[in-house]
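Build the full structure now, drawing on both the sequences and the hints.
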Amino acid sequence: IAGITQAPTSQILAAGRRMTLRCTQDMRHNAMYWYRQDLGLGLRLIHYSNTAGTTGKGEVPDGYSVSRANTDDFPLTLASAVPSQTSVYFCASSPKQGTEGLEQFFGPGTRLTVL
Amino acid sequence: GQSLEQPSEVTAVEGAIVQINCTYQTSGFYGLSWYQQHDGGAPTFLSYNGLDGLEETGRFSSFLSRSDSYGYLLLQELQMKDSASYFCAVPLSGSARQLTFGSGTQLTVLP
Numbered sequence: 001i002a003g004i005t006q007a008p009t010s011q012i013l014a015a016g017r018r019m020t021l022r023c024t025q026d027m028r029h030n031a032m033y034w035y036r037q038d039l040g041l042g043l044r045l046i047h048y049s050n051t052a053g054t055t056g057k058g059e060v061p062d063g064y065s066v067s068r069a070n071t072d073d074f075p076l077t078l079a080s081a082v083p084s085q086t087s088v089y090f091c092a093s094s095p096k097q098g099t100e101g102l103e104q105f106f107g108p109g110t111r112l113t114v115l
Numbered sequence: 116g117q118s119l120e121q122p123s124e125v126t127a128v129e130g131a132i133v134q135i136n137c138t139y140q141t142s143g144f145y146g147l148s149w150y151q152q153h154d155g156g157a158p159t160f161l162s163y164n165g166l167d168g169l170e171e172t173g174r175f176s177s178f179l180s181r182s183d184s185y186g187y188l189l190l191q192e193l194q195m196k197d198s199a200s201y202f203c204a205v206p207l208s209g210s211a212r213q214l215t216f217g218s219g220t221q222l223t224v225l226p
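Top line first, the protein sequences correspond to chains A and B.
Count the first sequence with the working numbering and you get residues 1 to 115, in order.
Count the second sequence with the working numbering and you get residues 116 to 226, in order.
Honestly, the hints are just simulated from the structure, not real lab data.
Quick caveat, the model's predicted, so the values are computed rather than measured.
Quick reminder that beta carbons are idealized off the backbone N, C-alpha and C, glycines included.
Hints may be right or wrong, so weigh each one.
[What the hints assert, rightly or not] The following label-pair restraints were derived from C-beta to C-beta distances:
no.: 1; chain 1: A; residue 1: G53; chain 2: B; residue 2: T223; range: 42 to 48 Å
no.: 2; chain 1: A; residue 1: L39; chain 2: B; residue 2: G165; range: 29 to 35 Å
no.: 3; chain 1: B; residue 1: Y185; chain 2: A; residue 2: G63; range: 33 to 39 Å
no.: 4; chain 1: B; residue 1: G155; chain 2: A; residue 2: A15; range: 24 to 30 Å
no.: 5; chain 1: A; residue 1: P95; chain 2: B; residue 2: G156; range: 19 to 25 Å
no.: 6; chain 1: B; residue 1: L169; chain 2: A; residue 2: R22; range: 37 to 43 Å
no.: 7; chain 1: A; residue 1: P83; chain 2: B; residue 2: D183; range: 27 to 33 Å
no.: 8; chain 1: A; residue 1: R18; chain 2: B; residue 2: T138; range: 36 to 42 Å
[Unchecked claim] Here are the simulated lysine to any residue pairs, SDA-like style, with alpha carbons at most 25 Å apart:
no.: 9; chain 1: A; residue 1: K57; chain 2: B; residue 2: L166
no.: 10; chain 1: A; residue 1: K57; chain 2: B; residue 2: Q140
no.: 11; chain 1: B; residue 1: K196; chain 2: A; residue 2: L41
[As the list claims (entries may be wrong)] If we take Cβ atoms under 10 Å as the criterion, some of the chain B residues that face chain A in the derived model are:
no.: 12; residue: Y145
no.: 13; residue: G146
no.: 14; residue: Y150
no.: 15; residue: Q152
no.: 16; residue: G155
no.: 17; residue: G156
no.: 18; residue: A157
no.: 19; residue: P158
no.: 20; residue: L189
no.: 21; residue: F202
no.: 22; residue: P206
no.: 23; residue: F216
no.: 24; residue: S218
no.: 25; residue: G219
Structure, rendered in structure tokens:
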């Protein structure tokens, strides 16, 4: 693989169910991010990880959790899905430290529908 | 907190020049970035301005004025394939790498 992959591509989920969105990158980037994109609201940061073993909360973290056990993988978990979590989810990564790390590389996205 | 404003829609014809403006409010500042997103696709990085002035990359240029908290993306010699959404982004308060994005400008290029 080259770049960032996300799985699944799309998913329909019943409310209350647990769901993990997968993200894997092979670029050895230090930092990884999860965004959600809703119509008219642009991209909003859910959680991030500056390096393996560390995570942080973004703008809209409630209802989501992440882990970063290694450099390549950054899964996003919805413990109990609700309809307001219907969105397109993008995973991204960036290669550098400090102010140079503003170029982010995005995966193809996961379209999630919670009914 | 951070906030960004950009127009929701812009329309132009092939071959023309279009400017997409972005104004921002931040408590700290590490630069302004621009991303392009085609319908159904992933956002892709276009440019970054850390200092005032114009940065040029082919048909695309980006400008920043930190004193005015303002920047713009300039697209020249428009092509049909430039029809997409364009997002400006700045770092979240307290960090240089976690970004907050504007709501996006939908550019439509007409033949």
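Practice prompt. Could you check the structure against the hints above and give me the numbers of any it violates, in ascending order?
Written response: Going through the list in order, the structure violates hints 7, 9 and 20 and respects the others.
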